[in-house]
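Enquirer: Sequence:
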Amino acid sequence: MIYISTNMYKAESFEKVYKICDKVDFPIGIEVFLMFGDNDYYNILKDNIEKLKKLPITFHEPYYGTDHTYSEGEIFQRTNDYLKLTHEFSVLNPKYMVYHYNNRKIDDREKMLEVTRKNLDEFSKYFDFPLLIENVGVKDRDNVLLNQDEFIEECLNRKEGVLIDIGHANANSWKFEKLISSLKGKIKSYHLHTNDGIKDEHRSIFEIGKSPIISNILKLIKEYTPNADLVLEYSNYYEDKEDLVAEDVKKLKNLL
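In terms of our numbering, the numbers along the sequence shown are unbroken and rise by one, the last being 443.
Bear in mind the hints are in silico, worked out from the structure with no lab data behind them. Take these hints with a grain of salt, some might be off.
Here are the simulated PhoX-like cross-link-like pairs (lysine-lysine), alpha carbons at most 25 Å apart as the crow flies [stated by the list, open to error]:
1) K397 / K386
2) K326 / K282
3) K203 / K371
4) K197 / K346
5) K282 / K240
6) K326 / K386
7) K240 / K292
8) K240 / K210
9) K282 / K238
10) K240 / K437
11) K397 / K438
12) K282 / K346
13) K210 / K197
14) K397 / K409
15) K206 / K428
16) K365 / K326
17) K282 / K312
18) K428 / K238
19) K428 / K371
20) K210 / K386
All chains should be modelled from the sequences, with the hints used to inform the complete structure.
Expert: Here it is as structure tokens:
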């Protein structure tokens, strides 16, 4: 199924995502990008529970101001507080939630890995829905905790499923066929967006001059993981561009 990430919206703009759903004539879902640090987001999401219950839903765990590589301190506490708030919205019955091993720059790599693995173990028990490990970090931000081979090995050694972020892989010059074929038994979903090959820009999958070429990626997806979900995860540049995003959804559907 195709999903739209609410990553492109501020809290007060959250409900604009329904415009995209209304502009296509086939079912699509919403990936709720949780932003509990943003203006009154908790109450806005609460007000939308009944609407969201009518749609296929996935969660993206809280990202801003959080990190799973801390075992104490302010960021550790905030991360835990936000995930407790997330638990309150289990009523939406998300298909899964995306988990980031880290967000911050790398310092003590082995310690970071030890802590985030422990946190993933704990949160996997805490939630009633599956967590998916995403390939996160880009070289441009100095926050790549695992290179391609290490990420593949890590995921193969974990019980959780995997979400492949195509934009992150592209910005890090990863080899798509090796990545997807190696993890074909684990991949449940993809974040689809493009960039300039360096920065994590989250641009339209059909924007001319950006990479990767979506048709090439879809060939691999159809060959190795034909049942995986596809999430358009665009930046806030696309807020108020619901017509464009809806057209991307339609074009993507026609390519499947």
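Enquirer: Can the restraint linking K240 and K210 be considered satisfied, given a maximum Cα separation of 25 Å?
Expert: 19 Å, holds
Enquirer: If you draw a straight line from the CA of K282 to the CA of K312, is it 25 Å or shorter?
Expert: Holds, because 16 Å separates the two Cα atoms, which is no more than 25 Å.
Enquirer: For a C-alpha distance cap of 25 Å, please report whether K326 and K386 respect it.
Expert: Cα-Cα ~8 Å, so holds.
Enquirer: Can the restraint linking K428 and K238 be considered satisfied, given a maximum Cα separation of 25 Å?
Expert: 22 Å, holds
Enquirer: Holds or violated: K206 and K428, Cα atoms, limit 25 Å.
Expert: Holds: K206 and K428 sit about 10 Å apart, inside 25 Å.
Enquirer: Hinted pair, alpha-carbon criterion (25 Å max): K397, K386. Please report holds or violated.
Expert: Distance of about 11 Å is within 25 Å: holds.
Enquirer: Are K282 and K240 close enough, with their CA atoms no more than 25 Å apart?
Expert: 12 Å, holds
Enquirer: For the pair we were handed, K197 and K346, check the Cα-Cα distance against 25 Å.
Expert: 33 Å, violated
Enquirer: Is the hinted pair K397 and K409 satisfied, with a Cα-Cα distance of at most 25 Å?
Expert: Holds - the C-alpha atoms of K409 and K397 are around 22 Å apart, at most 25 Å.
Enquirer: Do the alpha carbons of K428 and K371 lie within 25 Å of each other, as the hint requires?
Expert: At roughly 33 Å apart (the allowed maximum being 25 Å), K371 and K428 break the hint.
Enquirer: Would the hint linking K210 and K386 be met if the CA-CA limit is 25 Å?
Expert: Violated, at roughly 30 Å.
Enquirer: Taken at face value, is the distance from the CA of K238 to the CA of K282 at most 25 Å?
Expert: 16 Å, holds
Violation of the numbered hints given earlier is confined to hints 2, 3, 4, 7, 19 and 20; the remaining hints are satisfied by the structure.
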